[in-house]
Each structure stands twice: as C-alpha cells, then as structure tokens.
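Engineer: Sequence:
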Amino acid sequence: MPSADMVTLISFLAVLLIFFSIDVRSRDTAATKPWHGHLFEWASRIGGIATAVSLALGWVDLFLPDEGSPIHVALVAAPGSVAVLCAIVLGLEMLWQRRDSP
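Just so we're aligned, residue 1 is where the sequence shown starts under my numbering, counting upward by one.
Please keep in mind that the hints were generated in silico from the structure rather than gathered at the bench.
Check before you lean on any hint, since a few could be wrong.
[As the list claims (entries may be wrong)] Pairwise CB distance ranges (calculated): (1) L64 to S11: 34 to 40 Å; (2) W42 to P65: 52 to 58 Å; (3) R25 to P65: 35 to 41 Å; (4) V24 to W59: 20 to 26 Å.
Backbone N, C-alpha and C fix where the C-beta goes; we use that ideal spot for every residue, glycine too.
All chains, please: the whole structure from these sequences, using the hints.
Structural biologist: Structure, rendered in structure tokens:
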C-alpha cells in the first residue's frame with residue numbers, strides 16, 4: 001500500500017479509536033443488563049482493541065520500506081475491518097435505543 005493511502009487509513013483509524021474510547025468510557029458495567037446491552041458493550045470493546053491493533057500495525061508499516069515490508073496490508077485490513085463492523089453494530093444500537101425509548 002502506498003504511504004499516502006496508509007496515512008489516510010491511519011487517520012481514519014485514529015478517529016475510530018477516539019470513538020471507541022469515548023463509547024467504552026460512557027457505558028456502565030451493570031451485571032443485570034439485557035442481552036443486547038452486553039452485545040453492544042462487547043462490540044465496543046472488541047472494536048477498540050481491533051482498531052488499536054490495526055492502527056499500531058499501520059503506524060509501524062508507515063515507517064518501513066515499501067518493498068519487502070514484513071507487514072502485509074491484510075494484517076492492517078483484517079482488524080480494521082472488524083473495527084468497522086463493530087462501529088456499524090454500535091450505529092445499529094442507536095436504532096435499537098430509539099425503538100426502546102418512550
């Protein structure tokens with residue numbers, strides 16, 4: 001992946017990591033939650049971890065030479081895709097909450 005594209009991806013992942021860190025800190029960890037409460041909480045945690053892994057690998061890859069880099073783009077894209085899927089699940093949470101509100 002060219003360096004300019006990697007910088008764009010890293011910028012996106014940094015914003016996504018900020019989103020997950022805000023989301024995790026705003027959640028209460030009550031033991032008596034409905035199943036969907038646990039689902040959304042774990043989606044936030046898994047998404048944050050996947051984003052951090054992808055961001056770290058992308059950052060390291062940015063400073064390695066482009067030819068013969070030990071970090072393949074799939075190592076950045078796989079956890080990044082998991083993070084995006086978790087962000088989509090958390091976006092669906094807003095629809096779920098809207099349905100449950102009076």
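Engineer: Does 35 to 41 Å hold as the CB distance between R25 and P65, or does it fail?
Structural biologist: About 38 Å separates the Cβ atoms of R25 and P65, which means 35 to 41 Å holds.
Engineer: If I claimed the Cβ atoms of W42 and P65 lie 52 to 58 Å apart, would that claim hold in this structure?
Structural biologist: Taking Cβ atoms as reference, W42 and P65 lie about 38 Å apart, which means the hint is violated.
Engineer: Lying within 34 to 40 Å: is that true of the beta-carbon distance L64 to S11?
Structural biologist: violated (18 Å)
Engineer: Hint says 20 to 26 Å; check whether the CB-CB distance for V24 and W59 agrees.
Structural biologist: Roughly 21 Å apart at Cβ, these two residues keep to the hinted range, so it holds.
The structure fails hints 1 and 2 (numbered hints given earlier, in ascending order).
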